[in-house]
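*Asks:* Sequence:
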Amino acid sequence: MNQKHQEDLAHIRSMMERSSRFISLSGLSGVFAGLSALIGGLYVYQLFKVNGIEYFTDEHILLSGSLVSELIWIGVIILVCAFVFGTFFTVRKSKKYNLPIWTSATKNMLFNLAVPLAAGGIFCLALIYHGYYGLVAPSTLLFYGLAVINAEKYTFSDIKYLGFSELLLGCISLFYIGYGLLFWILGFGILHIVYGLVMFKKYK
84 MNQKHQEDLA HIRSMMERSS RFISLSGLSG VFAGLSALIG GLYVYQLFKV
134 NGIEYFTDEH ILLSGSLVSE LIWIGVIILV CAFVFGTFFT VRKSKKYNLP
184 IWTSATKNML FNLAVPLAAG GIFCLALIYH GYYGLVAPST LLFYGLAVIN
234 AEKYTFSDIK YLGFSELLLG CISLFYIGYG LLFWILGFGI LHIVYGLVMF
284 KKYK
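Counting in my numbering, the sequence shown runs from 84 upward without gaps.
These aren't lab readings, by the way, just hints derived from the structure by calculation.
We treat Cβ as the ideally placed atom computed from N, Cα and C, and that holds for glycine.
Do not rely on the hints blindly, as some may be mistaken.
[To be verified] Calculated pairs, DSS-like style, for lysine-lysine (alpha carbon to alpha carbon, straight line, at most 27 angstroms):
1. 132 <-> 179
2. 243 <-> 190
3. 284 <-> 236
[To be verified] Here are the in silico distance ranges between beta carbons for each label pair:
4. 175 <-> 206: 14 to 22 angstroms
5. 193 <-> 241: 35 to 43 angstroms
6. 181 <-> 149: 47 to 55 angstroms
7. 157 <-> 236: 29 to 37 angstroms
8. 160 <-> 284: 26 to 34 angstroms
9. 202 <-> 132: 45 to 53 angstroms
10. 136 <-> 193: 32 to 40 angstroms
11. 187 <-> 147: 46 to 54 angstroms
12. 180 <-> 134: 19 to 27 angstroms
13. 160 <-> 202: 18 to 26 angstroms
With the hints as constraints, model all of the structure from the sequences given.
*Replies:* Structural data, given as structure tokens:
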């Protein structure tokens, strides 16, 4: 009888977990988002070389208006690719396990994720507008880390480790302004790939 009660309680706990948290998030979303960021970051590095900028030797990097515009578009493309991959793998996982996608937990997670990201996006645009390009990469890591930590309570709790890692990288990169691209690749590329593989293995 006690064993049956324990099984019932476990079943109820599982149902409550499913209703209050967004569990359709796939680890493969993180892997492909990381790959997109990694490829984009390496492309930016090559772009600097083509424009005569030696990223790891120049103490002060001067960016032309056209190059800044191109970098912004590259960032937008990476963001779109990450969103498309995330949506694709989330929908695929939801169909595979017959899980609902658009629930109150989904809405809460997206809202808690979007607020810090929107604030961070505006802050980064202001930095670009005023010419503080060196602070853009650290700021994206910081605000993204805060967004992930903020959304953690509505999805897998493991995601907070990714958020704290991004936050730590952002804080460190503030003191190494000339190496923002390297920290950006580590944060959005390598960390996402590692996190995605761990999550995929754990929750596949």
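*Asks:* Each hint should be assessed against the structure and marked as holding or not.
*Replies:* Hint by hint, here is what the structure shows:
Restraint check for residue 132 and residue 179: the C-alpha separation of about 45 angstroms exceeds 27 angstroms, so the hint is violated. With a C-alpha separation of about 18 angstroms, the suggested pair residue 243 and residue 190 falls inside the 27 angstroms cut-off, and the hint holds. For the given pair, residue 284 sits about 21 angstroms from residue 236 by alpha-carbon distance, which is consistent with the 27 angstroms threshold. Separation of residue 175 from residue 206 is about 34 angstroms and departs from the stated range, judged on CB atoms against 14 to 22 angstroms.
With their beta carbons about 18 angstroms apart, residue 193 and residue 241 fall outside the hinted range of 35 to 43 angstroms. At roughly 50 angstroms, the beta carbons of residue 181 and residue 149 sit within the given window of 47 to 55 angstroms. Between residue 157 and residue 236 the Cβ separation comes to about 32 angstroms, which falls inside the hinted range of 29 to 37 angstroms. Against the hinted window of 26 to 34 angstroms, the Cβ-Cβ separation of residue 160 and residue 284 comes to about 29 angstroms, which satisfies the hint.
About 33 angstroms separates the C-beta atoms of residue 202 and residue 132, a value inconsistent with the hinted range of 45 to 53 angstroms. Distance hint for residue 136 and residue 193: a CB-CB separation of about 37 angstroms, consistent with the stated range 32 to 40 angstroms. Between residue 187 and residue 147 the C-beta distance comes to about 47 angstroms, which sits within the given range of 46 to 54 angstroms. At roughly 47 angstroms, the beta carbons of residue 180 and residue 134 sit outside the given window of 19 to 27 angstroms.
At about 22 angstroms, the beta-carbon gap between residue 160 and residue 202 stays in the expected band of 18 to 26 angstroms.
Of the numbered hints stated above, those contradicted by the structure are hints 1, 4, 5, 9 and 12, listed in ascending order.
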